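**Q** Listed below, chain by chain, are the residues.
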Amino acid sequence: MALFESFFNSLASPELYTLIFTGVFLLYCARYRLLTRPGWVVGISLAIALFFIIGAQNHDFMTIIAKGDNMPIVIMIFAVFWCLSLAFRQAAVNDMRIEKGEPPTEALDSNKKVLVWPDLIYPEFVCTVLLTAIFIAWGIAVEAPLEEPASGTRAPNPAKAPWYFLGLQEMLVYFDPWLAGVVLPGMIVVGLMAIPYIDTNPRGNGYFTFKERPFAIGMFLFGFIVLWVSLVIMGTFLRGPNWNFFGPFEYWDPHKIEPLVNVNLSEFIWVGMGNTRLPDNPLIREAPGILLILAYFVITPALLAKTILKKFFHEMGFARFSILIMLLLGMASLPIKMLLRWTINLKYVVAIPEWFFNI
Amino acid sequence: MALKDKIAETQIWRSIFRHGYPSTPRNRALAALSNVFLHLHPVKARKSGIKLSFTWCMGGITFFLFLLETITGVLLMFYYRPTIEYAYNDIIAMREHVPLGIMRELHRWGAHMMVLAVWLHMLRVFLTGSYKPPREFNWNIGVILLLLTLLLSFTGYLLPWDQLAIWAITVGSNMARAHPFIGHEGPGASLLAVGDVNLVTPASDIRFGLLAGRFVGAGALLRFYVLHCVALPLVAGLLMAVHFWRVRKDGGISGPM
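Chains A and B, in that order, are what the protein sequence lines are.
Take 1 as the starting number for the first sequence in this note's numbering and just add one per residue.
Take 1 as the starting number for the second sequence in this note's numbering and just add one per residue.
One or more hints might be untrue.
As the list claims (entries may be wrong) - DSBU-like, lysine-lysine: derived pairs with alpha carbons at most 30 Å apart:
{"id": "1", "chain 1": "B", "residue 1": "K47", "chain 2": "B", "residue 2": "K249"}
{"id": "2", "chain 1": "A", "residue 1": "K112", "chain 2": "B", "residue 2": "K44"}
{"id": "3", "chain 1": "A", "residue 1": "K347", "chain 2": "A", "residue 2": "K160"}
{"id": "4", "chain 1": "B", "residue 1": "K47", "chain 2": "A", "residue 2": "K113"}
{"id": "5", "chain 1": "A", "residue 1": "K113", "chain 2": "A", "residue 2": "K211"}
{"id": "6", "chain 1": "A", "residue 1": "K100", "chain 2": "A", "residue 2": "K112"}
{"id": "7", "chain 1": "B", "residue 1": "K4", "chain 2": "B", "residue 2": "K44"}
{"id": "8", "chain 1": "B", "residue 1": "K6", "chain 2": "A", "residue 2": "K113"}
{"id": "9", "chain 1": "A", "residue 1": "K311", "chain 2": "B", "residue 2": "K51"}
{"id": "10", "chain 1": "B", "residue 1": "K4", "chain 2": "A", "residue 2": "K100"}
{"id": "11", "chain 1": "A", "residue 1": "K306", "chain 2": "B", "residue 2": "K249"}
{"id": "12", "chain 1": "B", "residue 1": "K51", "chain 2": "A", "residue 2": "K113"}
{"id": "13", "chain 1": "B", "residue 1": "K249", "chain 2": "B", "residue 2": "K51"}
{"id": "14", "chain 1": "A", "residue 1": "K112", "chain 2": "B", "residue 2": "K4"}
{"id": "15", "chain 1": "B", "residue 1": "K249", "chain 2": "A", "residue 2": "K100"}
{"id": "16", "chain 1": "A", "residue 1": "K160", "chain 2": "A", "residue 2": "K256"}
{"id": "17", "chain 1": "A", "residue 1": "K67", "chain 2": "A", "residue 2": "K256"}
{"id": "18", "chain 1": "B", "residue 1": "K4", "chain 2": "A", "residue 2": "K211"}
{"id": "19", "chain 1": "A", "residue 1": "K310", "chain 2": "A", "residue 2": "K211"}
{"id": "20", "chain 1": "A", "residue 1": "K100", "chain 2": "A", "residue 2": "K211"}
{"id": "21", "chain 1": "A", "residue 1": "K160", "chain 2": "A", "residue 2": "K337"}
{"id": "22", "chain 1": "A", "residue 1": "K311", "chain 2": "A", "residue 2": "K211"}
{"id": "23", "chain 1": "B", "residue 1": "K249", "chain 2": "A", "residue 2": "K112"}
{"id": "24", "chain 1": "B", "residue 1": "K44", "chain 2": "A", "residue 2": "K113"}
{"id": "25", "chain 1": "B", "residue 1": "K249", "chain 2": "B", "residue 2": "K44"}
These are computed hints drawn from the structure, not numbers from a lab.
For clarity, every value in this text was computed on a predicted model and none was experimentally measured.
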């Protein structure tokens with residue numbers, strides 16, 4: 001038990017957690033034909049369940065999972081895994097059929113039409129009855145949480161956002177609120193809405209497949225699984241008082257000391273490398289960072305269009321390609337900023353607090 | 001003649017149901033066609049499209065949960081007053097005085113699961129490429145509905161008026177303070193000034209508009225209550241009608257061409 005706890009506690013730091021999660025995700029995408037076989041899915045599910053069952057012996061971990069509002073996150077972990085497995089199992093079968101020159105399984109009876117009454121209405125009715133029963137049982141078994149009456153002067157520590165916004169709260173570690181709370185969420189919504197107009201690949205319409213659209217599915221799942229679901233899990237289980245990082249079996253000590261050693265890029269350049277003091281004019285002071293950001297959003301797309309994404313650029317045209325790359329660069333800015341924070345303790349690329357303009 | 005058939009021949013029965021028992025193809029088609037609720041469905045659907053392994057029933061579950069939230073929400077409204085004097089006590093009273101009261105539990109667990117169901121519905125639609133032509137527009141309606149689901153849950157979070165509620169909303173609404181140009185701590189806010197007078201202040205910015213005050217207080221509670229119980233459900237209901245309608249008009253549940 002002690003070994004189990006210390007093993008997972010030692011894995012738990014923001015960088016290790018994110019790297020392991022990303023690695024598992026990439027492995028899954030590469031080996032989905034194997035990992036979605038029923039035996040593997042059951043095995044992985046049991047392993048996750050076992051983790052929770054053994055973990056529940058630990059008082060600190062139990063305190064987290066026993067909270068009523070954290071139940072959805074445990075359900076989310078299983079639901080997302082099973083749904084992904086179901087989708088990728090069917091994608092694996094279809095991809096093998098397509099390789100052999102056969103149509104996807106859905107095509108076998110997609111031209112057969114059945115009467116909605118009873119073929120759809122009955123399953124819907126059964127589903128309604130089952131769900132009603134499940135929710136009534138759940139409602140009787142677990143009382144909805146209610147804490148002490150609201151007080152505007154006693155802030156709880158940690159003060160967490162609702163669970164589905166924990167990804168945004170996690171972004172606040174790496175970006176200022178104007179980016180983490182406004183611009184990036186706005187880009188998520190706009191980006192989602194833009195998907196059907198950017199994705200010009202006509203294949204994979206109406207059936208599960210991975211091989212026919214690896215780029216689209218890879219990017220979408222990277223955003224949804226690695227940058228959203230994983231941060232919700234992290235925000236729930238691994239973020240404690242003062243938003244400090246804790247292992248899953250670690251006591252949430254509100255007095256845990258975290259050294260604040262983050263430095264701005266301008267300080268790196270002027271003080272660290274140039275050995276002078278910071279210029280007074282914020283535009284000159286932050287010129288390196290501003291140029292870097294401009295280069296990131298102007299030169300990278302041009303480079304990509306000339307090199308690895310050349311085919312995309314020709315197929316999609318200038319407008320679609322530009323929007324796609326802007327959205328992807330926006331999405332990539334989060335892991336990039338995370339990496340920079342972990343490796344060189346970078347605080348801001350551009351830091352102009354005078355204008356509330358920090359990137 | 002069996003009693004069942006006698007009832008089916010009365011004037012009352014025939015005035016409600018315009019067709020015989022749905023055991024023949026014609027009557028089954030009429031069952032879906034002549035009922036305003038079942039009419040959300042087409043008469044016939046793709047066999048591959050209605051398989052549980054294909055849809056996961058996630059859109060349907062989301063709709064079920066919306067109905068569950070509406071019914072339990074209306075019942076909760078009978079007992080709840082959105083003022084800081086009464087809100088918390090009304091929740092306590094519901095727990096203490098309503099026998100077998102599980103409406104708040106159903107409402108809360110349903111809300112959590114609705115958020116999850118919408119995510120998984122989006123995941124399924126993405127992985128089957130169902131947003132591709134001709135369904136681009138309906139995907140957009142869906143994204144707005146996803147946003148509305150999150151906002152519905154977020155506005156409902158404040159209503160119990162406990163510590164969890166007020167601080168979760170404080171964390172969330174503090175973001176609005178940093179909105180570029182229209183939040184008083186956002187970049188560009190200081191540009192919106194006449195002479196020395198700033199137009200964007202803590203008492204005039206977007207956060208003030210959201211909370212009806214500088215802090216999460218009485219104004220915010222009422223505002224969130226109205227958004228949660230009236231404004232957002234109305235918009236969501238309207239867009240759901242469009243969403244379901246477009247599923248049919250764009251060729252039903254998707255399938256290979």
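**Q** Each hint needs a verdict: does it hold in this structure or not?
**A** Each hint, compared with the structure:
1. As the CA atoms of K47/B and K249/B are separated by approximately 18 Å, the hinted pair is consistent with the 30 Å bound.
2. Under the criterion of a C-alpha separation no larger than 30 Å, the hint pairing K112/A with K44/B is consistent with the structure, at around 10 Å.
3. For a cut-off of 30 Å, the pair hint linking K347/A to K160/A stands: about 23 Å separates their Cα positions.
4. Between the alpha carbons of K47/B and K113/A the distance comes to roughly 6 Å, so the proposed pair stays at or under 30 Å and holds.
5. A distance of roughly 28 Å separates the Cα atoms of K113/A and K211/A; the hinted pair therefore holds under the 30 Å criterion.
6. Our distance criterion of 30 Å between C-alpha atoms is met by K100/A and K112/A, whose separation comes to about 23 Å.
7. A C-alpha spacing of about 28 Å is found between K4/B and K44/B, which places the hinted pair at or below 30 Å, so the restraint holds.
8. The straight-line distance between the Cα atoms of K6/B and K113/A is roughly 34 Å, outside the 30 Å bound, and the hint therefore fails.
9. At roughly 36 Å between alpha-carbon atoms, K311/A and K51/B are farther apart than 30 Å, so this suggested pair is violated.
10. As the CA atoms of K4/B and K100/A are separated by approximately 55 Å, the hinted pair breaks the 30 Å bound.
11. Taken as a hint, the K306/A and K249/B pair is broken in the structure, with Cα atoms around 41 Å apart against an allowance of 30 Å.
12. With a CA separation close to 12 Å, the supplied pair K51/B and K113/A stays within the 30 Å bound.
13. The hinted pair formed by K249/B and K51/B meets the criterion: a straight-line CA distance of about 20 Å does not exceed 30 Å.
14. Proposed proximity of K112/A and K4/B is contradicted: the alpha carbons are some 34 Å apart, above 30 Å.
15. Between the alpha carbons of K249/B and K100/A the distance comes to roughly 34 Å, so the proposed pair goes past 30 Å and is violated.
16. Among the hinted pairs, K160/A with K256/A is consistent with the structure: their alpha-carbon atoms are about 18 Å apart, no more than 30 Å.
17. Under the criterion of a C-alpha separation no larger than 30 Å, the hint pairing K67/A with K256/A is consistent with the structure, at around 23 Å.
18. For the hint pairing K4/B with K211/A, the CA-to-CA distance comes to about 55 Å; that exceeds 30 Å, so the pair is violated.
19. Restraint check: the Cα-Cα separation between K310/A and K211/A comes to about 20 Å, which is no more than 30 Å; the hinted pair holds.
20. Straight-line distance between C-alpha atoms of K100/A and K211/A comes to about 13 Å, which keeps the hinted pair within the 30 Å bound.
21. Of the supplied pair hints, the one linking K160/A and K337/A holds, its CA atoms being roughly 22 Å apart against a limit of 30 Å.
22. With a C-alpha separation of about 17 Å, the suggested pairing of K311/A with K211/A holds against the 30 Å cut-off.
23. A C-alpha spacing of about 19 Å is found between K249/B and K112/A, which places the hinted pair at or below 30 Å, so the restraint holds.
24. Distance check on the hinted pair: K44/B and K113/A sit about 6 Å apart at the alpha-carbon level, within 30 Å; holds.
25. At most 30 Å may separate the alpha-carbon atoms for a hinted pair to count; K249/B and K44/B meet this at roughly 13 Å.
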